[in-house]
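Undergrad: Read top to bottom, the protein sequences are chains A and B. As numbered in our numbering, the first sequence has no gaps in its residue numbers, which increase by one up to the final residue, 1275. As numbered in our numbering, the second sequence has no gaps in its residue numbers, which increase by one up to the final residue, 1275.
Since the hints were made in silico from the structure, they are not lab data. One or more of the hints may lead you astray.
If chains are identical, the list can't say which one is meant, so a pair holds when it fits in one copy or spans any two.
Pairs of lysine-lysine residues, derived as DSSO-like cross-links and limited to a Cα-Cα distance of at most 27 Å, are as follows [what the hints assert, rightly or not]:
(1) Lys1204 - Lys1243
(2) Lys1271 - Lys1243
(3) Lys1204 - Lys1271
Being a predicted model, the structure only gives us computed values, none of them experimental.
There are 2 protein chains.
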Amino acid sequence: MDVKTAFGSVLREIRTHRNFSQEQMSLECDLDRTYISLLERGKRQPTLTTLFRLATVLNVSAAEMIDETQKRLQD
Amino acid sequence: MDVKTAFGSVLREIRTHRNFSQEQMSLECDLDRTYISLLERGKRQPTLTTLFRLATVLNVSAAEMIDETQKRLQD
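Given these sequences and hints, build the entire structure.
TA: Listed below in structure tokens is the structure:
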């Protein structure tokens, strides 16, 4: 699994746990819904600034998202 | 302090603690030395893939680098 795919799966998991739709995420983060979808499918990777914005909206720390991404990379 | 500046200061600090020059970092990471310099000065921000590559070469976890970045943002 590559970094983008691992991160995308973490993002999707946390978002659905929060009962956020991609639409809500895109509004809260001021990002395009299509971009959220591309991130979750591992077709794009966020910049650090976007990572922090996503984490804030999801109410997790950016470090936790990266830690979980790293764990999935090692699987 | 913004995300880029905070991350750049973390990168520079860990690199110098490791006694790596920017030149060595750029060779080990297969990134341009100028790009390392831009990252450290907060003029660029890394993609997630680059973050993981930098962390591997510096022998720290990517999550630790993000955690430290987050702490500096809150200062």
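Undergrad: Against this structure, judge whether each hint is valid.
TA: Here is how each hint holds up against the structure:
1. Taking the closest pair of Cα atoms, Lys1204 and Lys1243 come within 27 Å of each other both inside a single copy (7 Å) and across two copies (23 Å).
2. Taking the shortest alpha-carbon separations for Lys1271 and Lys1243, only the intra-copy value of 20 Å comes in at or below 27 Å, while the best inter-copy value is 29 Å.
3. Both within a single protomer and between protomers do Lys1204 and Lys1271 lie at most 27 Å apart by alpha-carbon distance, with minima of 13 Å and 25 Å respectively.
Hint check: no violations occur; every hint is consistent with the structure.
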